[in-house]
Amino acid sequence: MAAGKELKRRIKSIKNTKKITKAMELVSASKMKRAIAATLASRAYAGYSWEVLQSLAEYVSETQNPLLTVRPAKKMLVILITSNRSLCGGYNAQVTRKTIAFLREHVGQHIDFISVGSKGESNLRRLGQNIVASFNTVSDTPKLADVYSIGNLALDMYKNGEYDRVYVAYTDFVSALTQLPQIATLLPVKREEVAAEIVEAKATAPKNAINYTFEPDYETLMSMIVEKIARMRVYQMILESTASEHSARMLAMKNASDAAGEMIDDLTLAFNKARQAGITQEISEISAGMASVS
Amino acid sequence: MSTKQLKLKIITPEKTIFEEMVDSVTIPTTEGEIGVFPHHIPLVSALASGDIVAKRGDEVIPMAVSGGFIEVKPSEDGGTEVAILADFAEHVADISDEALVAAKTRAEELQKMKDNGEVVNFEQFESELARSLTRVKIADKWRGKKYRI
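Chains A and H, in that order, are what the protein sequence lines are.
Under my numbering, think of the first position of the first sequence as 4, with each following residue one higher.
Under my numbering, think of the first position of the second sequence as 545, with each following residue one higher.
If you're looking for bench data, these hints aren't it; they were derived computationally from the structure.
Just so you know, not all the hints are guaranteed correct.
Stated by the list, open to error - Covered by chain A, per the in silico footprint, the following chain H stretches (three or more residues, Cβ under 8 Å):
no.: 1; segment: 569 to 576
no.: 2; segment: 579 to 587
no.: 3; segment: 606 to 615
no.: 4; segment: 625 to 634
Every residue, glycine too, gets a C-beta built ideally from N, C-alpha and C.
From just these sequences and the hints, can you work out the full model?
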């Protein structure tokens, strides 16, 4: 019965693992729900600010504002958003792969990185990329105050002319089963993009242009709003990524739980077979012994 | 009644704090405090730190805000809509005493850091300081006064 004992030990250990993966699955599910709610809550703000920006855009010419001016792309900055923890399936690998593809497309150009999340940081180090800043303290439920500085840093570097393009590599949350790694342009803000965002974010916006009074003046307001939008987009992308991370982890943990269940079934079957074989053998030994006695 | 009231929305990137019909609202802008009544002309302006006070009948509803912009525009049904897009907004009643003490300490800490010149991230620090100070100031201002939550 040595094999039986061994099997029993394995079944027990797998059962414990299953309990853990199941718990992690449930935790991720609830965290995902919270992240999705936060994403939806931030959409109202996004809708309004794009709308205000559009009505402003009619008064300001593009060349005057550095945040809206498209400079020739010499130096680029990529903000890579990943998770701090692993056990989330292909979540980090996917967005990293997307980044590598991006690097291949822009061979020979100067690209620096800001990493959000420790997994992305270690991946970038392995790739030998230059990381100018790294944020590993973003929580599972990011608050605006937590990510404020990330957006600010990118804005400052862009405004100082250190970089001509700022991209964000993040994971777009499509559904609980589908997450799409993406690289979006954060700065400069393109006019076509403004129009597209408004159509997407605000179907209820009145079509006729309202004749606003602007205080203090267009230029000041414009750069203020564009900055706010840039910061808000970073926040939103981090929220999207968080939602993706949790749903990826939920799925990975669900698969692990299922696999553990199957393994337990197989092992239980093997254990029962071994037990049965043992009993059969004992019976045949006893009856053989009886036959020899009588 | 509906034409005599305006729709006030206070939105932060995190959530919609307030959405109600009110009689009037006082808003701190960078150009000074403004009062908005129904049928106000369309306006876009920058928001300063301070308190937004909405009035409805005898009720006053104060809220602490910091940084952002405001948009006043006619709504689709012919009324007036005021959208306040703030970086941070809070009902005055939600600022608990413990949070207040924490904000005060934090503000002092930040001020000390500023004096010692050991601040790296200036912009974030500025906004955080402004927020802490606003909370303290507004909460002190409304302490003991009557207001609706």
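Here's how the hints hold up against the structure:
{"no.": "1", "hint": "569 to 576", "in the structure": "holds (count 3)"}
{"no.": "2", "hint": "579 to 587", "in the structure": "holds (count 3)"}
{"no.": "3", "hint": "606 to 615", "in the structure": "holds (count 3)"}
{"no.": "4", "hint": "625 to 634", "in the structure": "holds (count 4)"}
Comparing the model with each numbered hint stated earlier shows that all of them hold.
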